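Chains B and G, in that order, are what the protein sequence lines are. Numbering of the first sequence is given in this note's numbering, commencing with residue 1 and proceeding in unit increments. Numbering of the second sequence is given in this note's numbering, commencing with residue 1 and proceeding in unit increments.
These are calculated hints, taken from the structure and not from any lab test. All figures in this text were calculated on a predicted structure; none of them were measured in a lab.
One copy or two, either will do: identical chains are not told apart, so a pair holds if it fits within one copy or between any two.
Derived lysine-lysine pairs resembling DSBU-like cross-links, with alpha carbons at most 35 angstroms apart:
(1) LYS170 <-> LYS95
(2) LYS95 <-> LYS169
(3) LYS199 <-> LYS169
Number of protein chains: 2
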Amino acid sequence: MALNVDRDTLSDLARGAAFLGTGGGGDPYIGYLVARQAIADYGAPKLIDVEELRDDAMVMSIAGFGAPTVQLEKLVCGEEVELALTKLEQYLGIKADAIIPAEIGGSNSMIPIMLAARRGLPVVDADGMGRAFPELQMNSFSANGIRATPLAVTDEHLDFAIVEAASDKKAEDMTRALAISMGLRVFVGCFHMSGRQAKETAVRGTLTAAYNIGRAIRDGRAANNAVDSILRCLKTTSHYRNGKILFDGKIVDLVRETARGFSVGTCRLAELANPSSTCTVTFQNENLEAIVNGHTVAMVPDLICIVDRETGEPIPTQALKYGQRVKVIGMSSPDQLRTPQALALFGPQAFGIDRPFTPIEAL
Amino acid sequence: MALNVDRDTLSDLARGAAFLGTGGGGDPYIGYLVARQAIADYGAPKLIDVEELRDDAMVMSIAGFGAPTVQLEKLVCGEEVELALTKLEQYLGIKADAIIPAEIGGSNSMIPIMLAARRGLPVVDADGMGRAFPELQMNSFSANGIRATPLAVTDEHLDFAIVEAASDKKAEDMTRALAISMGLRVFVGCFHMSGRQAKETAVRGTLTAAYNIGRAIRDGRAANNAVDSILRCLKTTSHYRNGKILFDGKIVDLVRETARGFSVGTCRLAELANPSSTCTVTFQNENLEAIVNGHTVAMVPDLICIVDRETGEPIPTQALKYGQRVKVIGMSSPDQLRTPQALALFGPQAFGIDRPFTPIEAL
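Can you make the complete structure from the sequences, with help from the hints?
Next up, the structure:
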C-alpha cells in the first residue's frame, strides 16, 4: 500500500529517518516540526514513486547543509528553504516538477516534504543515499555523474549564493566555506536532473522504508522490545537486510567539536556488566566506524545507528551524552553505495580511514 | 591633455598606482605584465572621463580579491578575469558598456585595463577609492548606496560563484570565505551602476593621477630626488594635496602573516642616525596607521605609502623586508573618503583602531 505523507504518518517517518541518518542528517525533531507546520498550512504533498516521474520531468533536490550541532540551535523559517529552490530555478531558467530528497537521513527527509508542501509539488519516494552523508558529493547522484551544481545556498537572512565548480568536491569546499560565513545553518538547492536520471540513480523507496522503521520502533516500544522490532523490520527492507546489534552498553566518553564546518568526534562505550569490553564510534556529522575491542565491526558506507537501549529512539551525534545507555545497530548499506565509484566518493578512505571497506556481513 | 593608456604610459601608470595602493591593491608588477600583454594582444583600451559616460550606460567594476602575499605567487591568465564580468553580465541579463576600476591601487588599476582591452570596452578614468582598501564594502560606491552585489567570483580553474547579500559587509564575509576556499587569488565582477551613478560617486581622474605620480617618480629618479618629485606632484593633484614625509629610516622589525584571508602585520622602522626614534606602520593588505615615537602621524583613510628612500619605488606590504631603507609618505585622502558615511565604512574604527580619524594635515 502506498504511503501517504500526512500528519498521521509524519512522526513515524521522522523517527525512521533519524535512524537512517546514522547520527546525522540534521536534527530530526526540528525537521518534524517544520514539516508538520507546512502540512498544516499548505496541505500534505503527494508522495510519488520514482517510476511515476515522466522521463523529461525536472526534479530538484533540497537539503540542509552545515553541522548538526548548529542546526540544533537555529530554527527554520521556510522562506529560506523555498528561496534555495527558487534561486536555482531562476538561475537554470526552468521550474521543478518534483522534489527529491538529497538524503533521507534526519531532518533532510523532512525539509523536502516541507518544501513540496509549500510549493504544491510532489515529493519522490527516493533519495540519493538511503542514509545521510556529511558532504555534498557523497551520494548516488554524484557517483553516477549527475552534478550537484549549479547550486543555490541560502540562509535565514535570505542572503544567497550560486555556486558552479568543475567538480562536486570543489563545490563542497566552496559551499562549506560559504556556509561557515553564513552561520552554518544553510539550505542548498541542488542536483537538478531529469525524471529519467532520477530513475537511473536514486536509492528507491527510502521515505517508505523510513516510515516502516519508524513504525517498527513505535510498535516495538509498546511491546517493550523496540530494538528487536527494528531488526525484524530491517530484514523486510530491500536496502538494509543485514542488520545486527554491534554493541550494548553505556557512553563513557564523548569528544565532540564543531570544526571545519562539521560536527566531528568520537564516542566511547563500555558494556554495563563488563566495563573492560568497549566500543568506539567515530563520526563526522554521521557515524563512520564502529570498533569493538579493537576490531572494526562496521564501517562507512554501511550504517551505524546509536539508539536508546530501551526505547529504540535514534540518538543523533549532536544529542549523544555521557552516561546514555544505548545499543549500537549496524546494517548493510544499499547496493548502490557499494560500487567502486560510490566507494571512491564515500568509502572509508574519503573520511581518512586507512582500512579498506569490508561489508558488515563479512565482519 | 587626456592620457592614453598604452605601452608607453603603462609602466608609469602601474608605478603610480602602486604608490596609491598604500601597500596593497595587489602586486603592481604582475598587474603591469598582465595589462601589457593584453594591450599587445587586443590593442589599448580607450580611457574616458566619467563625464563621457551616458547617464544610462551600464558600468561594471572588476577587481582582484584576496591577500597580496598570495597574489604574488599565483599568476593571472585573463580568462578568469573575463569570466567574472561575463558571469555578472549573464546573471544581470545586461552587457557592460564600460569598465570602472573598483580601486586604483596596485594591480587593481591594471586588471580593469586588461579586461577592457580583452573586451574592447572603454575604461573610466576614475575608481571607487582613489587608493586601495582591503574589503569589498570599503569604497565610495558603497558609501553612497551603490551595492557591490550581485557579484561574480571566479578563480583560475574557472570555477565561480554568484553572491547576493542584504549588506555589502555580509557579501564581503561570504566572498572572503569563498576566496579562501578557492585559493585566495580570485576576481570579482561587481558594482554595476549607471553612468549617472558613476558620475555621482566615483573618485575622478585617478588613473591620470596615478600616471602623473608614476612619471614624477621616474623623472625624479633621473634627477636623484625621487621623493621630492613625488611630493611636488601630489601638490598638483586635486585629491592628494597634503603630502609629507612622515619618517625616514630603515625597517628593523616586520611581522606579517596571511590570516583571515588578508595580509596583516606590523612594520617597525628606526631612523638611520638615531635608532631610538622609531615609526610603526600597521597594515591589513593596505597600510592603516603610522605612529612615530608614540604619536599617530597618519591614519586610514589618509594614505600611507612606504617607498625606497633613494629611488622612490613604492614597496607593497608583501615586499617589505628587514633592512630596507625607506621613506614613509603620508597624504590626505580624497574628500569623498572623509564624509561621515565613508568613515563609518573605512575609518580607523572599521579596522579596530580605537582612535578617531584625524586628518593628516591636523596631525
